[in-house]
Amino acid sequence: MGGERDAPNPVNLTEFMDSTSWTLQQKLVLALGALAFMMDGCANQILGVAIPAILAEWQISKAAMAPVAAIGLAGITFGAICGGLIADRIGRRWTLIMALLLFGISTMGAVLAPDPFTLAIVRFFDGLGLGAAIPSGAAMLTETSPPRRRAIAIAIGMAFIPFGGFLAGVLGGLMLPVFGWRSLFLLVGAAAIVTSLLFVLCMPESPFFLALRPERERELNKVMRRLKGPIASSSRFFDVAPTYERRKFSALFAGRLRLETISVWLGFFFCLLATYSLFSWLPTLLHGRGFGVASTSFIMGSFNGGATFGGLLSGLLIQRHGVRLPLMAMTAIASGIALLLCALPLDPAFPAPILLIFTLLGLLLAGVHNGFYTLSALIYPSELRATGIGAAAAFGRVGAIASSFTSVIAMSFEGGAAYFGLIALALIAAVWSVKMVKLPAGAPLLAR
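Take the sequence shown: its letter number 246 is residue 272 in my numbering, and every next letter is one higher.
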């Protein structure tokens with residue numbers, strides 16, 4: 027009798043996380059996740075920043091670097107799929123640590139590459155780590171923040187991906203003319219390795235991942251005491267009972283998830299086709315128009331600087347208006363700017379308006395990118411969240427891979443009209459994919 031009276035009542039983890047304050051420890055996890063995303067964005071962007079210098083040193087054509095960029099993006103694609111599946115099996119924490127360590131070592135390894143073939147191999151392994159970091163990191167931020175704060179938490183974390191790209195642009199402008207492109211890879215790779223070691227010491231496991239595993243109840247209580255403060259050791263937390271078979275990739279297409287999965291995949295595809303056309307090949311286009319290495323790096327820095335604020339702005343808009351309306355509006359405006367660039371001359375004698383335009387375009391594209399990640403994090407349940415985010419991001423990387431070839435073909439035409447026209451068409455298709463999303467009446471408010 028006494029034992030029954032003393033037995034704790036099970037506590038719904040989602041309701042408990044939302045009923046208490048957003049603690050300092052939870053915000054620390056957000057800061058750590060943002061740091062991981064910053065490393066990811068910086069390591070991802072440095073190839074685009076370094077391509078003009080690599081072309082000059084190795085005396086090769088732009089087309090010779092297309093396979094290098096494409097193979098790196100293929101690595102990111104496989105990394106996103108595998109990273110999501112692994113994170114739903116062994117946990118978000120160790121998946122994120124291993125991803126950081128892998129792309130840190132591989133980024134440093136690029137220093138030793140003597141030719142495009144070797145660099146392509148190194149970038150593939152680099153991409154595996156870069157791709158795996160995103161779904162595990164996004165799932166971690168989703169599951170360690172109060173539900174009512176998840177959209178802004180994801181936005182803050184994801185904003186540090188373009189901030190990392192901004193940092194790569196600034197570092198490129200400062201280091202490339204003096205130390206060469208290898209110094210950039212060496213510095214960023216070393217920073218990623220140090221970050222992975224920091225995560226071993228400071229990053230807890232996701233409580234929602236642990237709640238689905240009754241045998242890890244003691245660890246869950248320990249994590250909850252760390253995140254939320256005093257929690258009785260006998261507390262019993264549970265997540266909503268899984269409605270999908272855990273760890274099954276095919277569950278992404280079960281029932282109501284089928285249309286949502288297809289829609290989000292297409293949205294990611296066209297979003298990243300447009301984004302990586304700019305990330306990877308805009309420096310080369312600008313260099314061909316007479317822009318120097320330093321000025322090209324600073325333009326890319328302004329693009330990524332705008333993207334940093336765009337991610338935060340989209341989080342605030344999504345928090346207030348849901349995903350659909352802000353996502354469609356930002357995508358439509360970005361496509362309009364891309365169409366404007368089809369007719370606008372890019373003159374190195376007038377850098378100020380070019381900086382402004384690409385800052386705005388970076389802001390909008392980051393908002394679109396963040397919107398699709400937020401939507402993915404909200405529509406999938408805990409047992410499929412990392413897998414769902416990783417699969418969507420991976421399909422998006424197919425668009426990024428395609429951009430390596432479509433951009434080179436578009437730039438082969440005189441002027442930039444075909445190049446920017448390609449970006450505009452991709453963004454128009456992304457708007458259409460958002461309209462395809464049909465959420466049920468009981469979907470969370472933020473996903474509407």
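Rather than coming from a laboratory, the hints here were simulated on the basis of the structure.
The structure displayed is predicted, hence computed values, not measured ones.
Any given hint might turn out to be false.
Said to hold, decoys possible - Per label pair, the in silico range of CB-to-CB distance: (1) 240 <-> 86: 51 to 59 Å; (2) 226 <-> 53: 17 to 25 Å; (3) 366 <-> 227: 47 to 55 Å; (4) 209 <-> 53: 58 to 66 Å.
In this text, a Cβ means the ideal position worked out from N, Cα and C, and glycines have one as well.
Against the structure, the hints come out as follows:
{"no.": "1", "hint": "240 <-> 86: 51 to 59 Å", "in the structure": "57 Å, holds"}
{"no.": "2", "hint": "226 <-> 53: 17 to 25 Å", "in the structure": "20 Å, holds"}
{"no.": "3", "hint": "366 <-> 227: 47 to 55 Å", "in the structure": "48 Å, holds"}
{"no.": "4", "hint": "209 <-> 53: 58 to 66 Å", "in the structure": "34 Å, violated"}
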